[in-house]
Amino acid sequence: MTMIRDNQSAEPGTHALLIGVGDYPWLANGSKPEAERFSHPMKMGQLSSPPLSVDALANWLTDTNNGFNNPERPLRSLELLCSAATPFTWTPPGGAAIPIDRAERATAAKAIVDWKKRADRNPENIALLYFCGHGLAFSASQNSLLLGDFGSNGADPMVDAIAIDSLRLGLQRHCAARYQCLFIDACRNPPTTQFIDTFGDENAGAAVIAGGVKRTIGEKLAPVYFATGLASVAYGQPDQPSIFMQGLLKSFRGVASREAADHYAVIFEALAEGINKCVESLAFATVPQFCQAYEAGYPFALHRVRGDPEVIVKVLTKDEGLLPAAILSHTRQDTNEHIERPPQPAPWWVLLRLGKYAFKAVSAQGAALIGEASRDVAPPGGQVAL
Amino acid sequence: MKISTEPGRIFLQLVSDSWGTGNEAAAVAEITARGTSASKPKITMPIVVNNPPLAVPLDPGDYTVRMCLPSGDVLAESVTVGGEGENEEHVGFDLARSPHEWLSSDTAFGAVQRLPNAARAKALEAWRGIEGSITSIEKTNLAGRVTQAISDYSSGFASLERVSGRERVSSSMSGWCRYSKVDPKRPLPEGRLPTKELVRWWTGAPSNGQGVPLEITNHDDRNAKLSVPGVVDMGFDLIVGRRRAFAAVIDPTKRWHYAVFPAGWVRTSRNSPGTPAQADLLMTVVIESVMRASEEAEEAARWRCSPAVSDVEAMTYLGFLYSGQASAAEAMLDQAAEILFEKTLNPVAAAAGAFGLLAFTPPESGSRRASWQQWIRNLCTMFPQLPDGAIARAQLYLRFGEGKPGIEELDVEILRGYVLDAVRRGLPYLSYAIRPLSEMLLLLVSDDQEHKRKGPQVEDTRRARRLVQQLERLVAPGAFFTVLETGEIAP
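Chains B and L, in that order, give the protein sequences.
FYI, in my numbering the residues of the first sequence are 8 to 393.
FYI, in my numbering the residues of the second sequence are 4 to 494.
Everything hinted at is true.
Calculated lysine-lysine pairs in the DSSO-like style (CA-CA distance at most 30 angstroms, straight line): (1) Lys457(L) / Lys221(B); (2) Lys117(B) / Lys455(L); (3) Lys45(L) / Lys363(B); (4) Lys221(B) / Lys188(L); (5) Lys227(B) / Lys43(L); (6) Lys407(L) / Lys227(B); (7) Lys363(B) / Lys325(B); (8) Lys455(L) / Lys407(L); (9) Lys227(B) / Lys117(B); (10) Lys228(L) / Lys184(L).
Coverage of chain B stretches by chain L, computed from C-beta distances (three or more under 8 angstroms per stretch; other residues unrestricted): (11) 142 to 156; (12) 214 to 225; (13) 275 to 282; (14) 299 to 305; (15) 374 to 384.
Think of the hints as simulated: they come from the structure by calculation, not from any bench.
Keep in mind that this is a model prediction, so the values were computed, not measured.
Using N, Cα and C, we set each Cβ at its ideal position, and we do this for glycine too.
If we strip away everything but chain L, and leave its shape as in the complex, we get:
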């Protein structure tokens, strides 16, 4: 980011030497007044990578400029506007370099880890001799830290070597795209389902057998991109839940991933609303537990599956939603609100917007609430097969009731109805939706126990709770679109 100042305005720019985003925003700048002016409202605005500097008019004063990145990182710099004729230029922060140019966007969204290497592990040993030159803040037990860091790097790198390899990727990674329909009237099963049956219950039985083979469009020794060759023809049906697309992938360590494949996605950005965006899968090696006990036997490294769409603004927003960056998510939402909620171009994106509004709106705020609450209700009823819309609807009811004036107590049967409807709609597109669904079921089950309720609906709630618990154990952490990891069991 380069910041130059002139009296009365600043210029913002986010730069990357490996990635430009055309006219789509991939970050959010936040400008906050400092000192006596700190009570002024902060300014937030979406930022495009490698665009010309953006001029922002400001009153003279001291400000902090923060650049919020969808990976969860926040970069900050102070700047003075118009102080005694100052007209200086500050060089701020760049986007972190991607390990590979073809993965630049995925790195920015946080889907690719920057992994350790053996040279770093060995080189760290040099730290042992320099304890005296480190500032007191960092001095505490430096030798212990370094020893552990070397051990972590070494075990992580050894594990990486074991699970990756260019040849291994091209010869032993395969995937298929399967289409299915979820029957919302299917019964909620009793007891614990075997993994394969559980996946079928949530995703529906594939209608195209083994499925359409996925093509590896690019790869190296630790990353691969897979997509469906040719054009997917089911369009809107695939993003409203009438039909579902899933990718089944087996990685080089023979472990299976069953992922929501966001085919049929359309962009919701202001500049290109309604245009189709390609879906693909990124398979990448990650280290789940970098700091490990020496006796741990399991591999530190493993393959992770991350579905993605070539829609920079949607992926950026999802990054903010998952990393909990409220003001950045809100800035993106403000830009897209009309398209998200009124044009119904992309109900899954609208559901993501709903989750942001529900998560980041303070309980006491009332002014903006009325309109988006109705949007969420509409999303649920207009798309009766979309699980995410129903989950947002249930969450809305839990937080705000039906929006009636005055103090409104909740009707547990209404909440139950929304939650069971959501479960019956099948696997949520967004993994973000699963935790609130699980929490609402936990609340209902606790409430039933407290009030000693009985009956078929109570029994269904208990079964739904069990289904969601089982599901949660398969859900891959960190992916925006839901991915189930079924281990050695082919889904």
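Chain B with its partners taken away, still in its complex shape:
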């Protein structure tokens, strides 16, 4: 069973399909005997992040207190597919564990078609797809998502992959939902030359839903958020949700939000920048994994933030040489809540609630003031150089 929820409603809502592939039996270190494994694994092996990422997003989508919140388009249906080293189960809040089908060619194709049918119920629906697993990029507009049985067909491996760009165009052509939001949490490395010489480069996988020319294509808002730029890896830490998923969930708390009438809303246009800020804060890197979005330039609200949004602020000293010996602090002005960070060489990334803060940097030796500033922080946040 993979269907977690379907209230059968034809009212506007959100229909989500989450696919995670962590177990690739035919790739490096897979469960198949070595002699049966795929001859061109391209260094791709087993992943621990996808099941955790699917679990985290499913929890968020179904958490009515702290998770997904879209009164105009509430969650109407949720389906999961996930391949993990041990059979994957998902436990809803207060419920019993539900066994989840593996994400392989047949199950994924059926799940996508079923999900599209649910999204067809109302043109005002949001169709939300998340994929986490291995990916290949034959080119900027030819990206492949590899399913759990990838490599089982040694003569034509791409039959066990989804051509996500073709699927996206097919959805725009055939799916009635006006809002189609895709999160692709996979590497975008090119296949090796040996792979292309052996199998060719025309087949990026199955479209599942193939698209043709139709005027209504232009009427859909169909942003796609790739976890990483072209020719780059998407990163997962052992036994943690992927970096992209951690950034995505963090950005939903407000970093990717903008002002609405009486609340803050996470909107398509602000999401990629919000994810990037959050990912940068997670990785301690000045050159982070980079979320690349296409056709995301619309202020359409995906999620309503409860209460004041959290924003992300990077605190550092103007003279980077002083940072390793500086005590950084921020004080919220209405509550006087004061947080300090001891001297460290890296900038300090802090997630703060909307409001006024006083920031200060003092030298650890002698407590001399290095710099101070006051900021009334707002989404997505910013940088405070002291």
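Place chain L on chain B using the hints.
For chain L alone, kept in the frame of chain B given last:
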């Protein structure tokens, strides 16, 4: 950015200690009302770096001010206007410092990465001991993150060291500017072309042999600027596609880059429309994959080629277009619309404007559409050798048809005509144009399959699709003007 408030207005200023933009805008400020006033339309305006504070009249209330930067970064601060006689001054955000003053503009546009250094990698180890002092939000698996971050920095820095070096740049980087013409009547080839032939098909054969040597005008160990010595004399022909200029560059790791060289560029800003802007190439070391598996053998660092023009407003707009910042791009377009579409000073810049309008205009918006749709049609017909104009034309048709009243279904043969025309015009000036071109070809091929069509046009579509697929594999990600990376194969 410094913000000071007085009842009824705020003052905006964007400051940088290494770069001023004279009278040209390099950012866009966005002012949004908060709370009960949030339904008011937001105000957007282009902002000049290091100009005197700009006064913006506002009704009393709470606002969020966002400064959108062309690198994709957005900085934000809340401000209250006129609340109970308040007249306070807030210090906001500065432009991030460039690693080198001579690269300030390129850093602002996002062409230069701020790279890691070995000291940072080693120093990060200190994080391991402080887990208890970090807020709960950041505490999760801190040790694991830090270990990975150290590994990433170390491998990235080692790779940087291997591919860069001041001596290496000055002695082993060379480039040439080549001129060519693209024949729009050449046949669409069957099958997969070898890299060199593919590049020739898209760019035309050079008419000046090896080309004019490029001069390294400035460099350090990880960056170099190259330009054509003297004045390029072909002017307008080079930005309408009648003639094309390309730069062939070999980097210190012996890899080739073949880039659109935007010679002949003229500014489209309101303050200096029609004045020539110099073109150059920035070669810079980047880290493509900062977070890596330990067993990865390939270099994390590599040289990237980014063509640029000394036209701050055009580069700023391209930054917004590529980073998908719709409202900022729209503000820049509003300022330049007349110059872009009516004066035809710079058809490539006009095509960039067209892509912004097509990408960021919501499907339901109708009021502004009629005039710019006609501009895009004119751009395509007035400049019959400009690939980008034809791609915009095809995209316009796919989204809105021919603009006839009522529900208009698309004629697949009309779309095919526009798309094949675009392919035959050669390599797009803007790399942004390649993805929509590829998507439209994918749609056409799928539609032909669905309807089992046959014939020469269908065959040409299939061939064009293959040519674009092959091209896409060479296109360097992230550059505004198209750059092809051909590896060790000299183009």
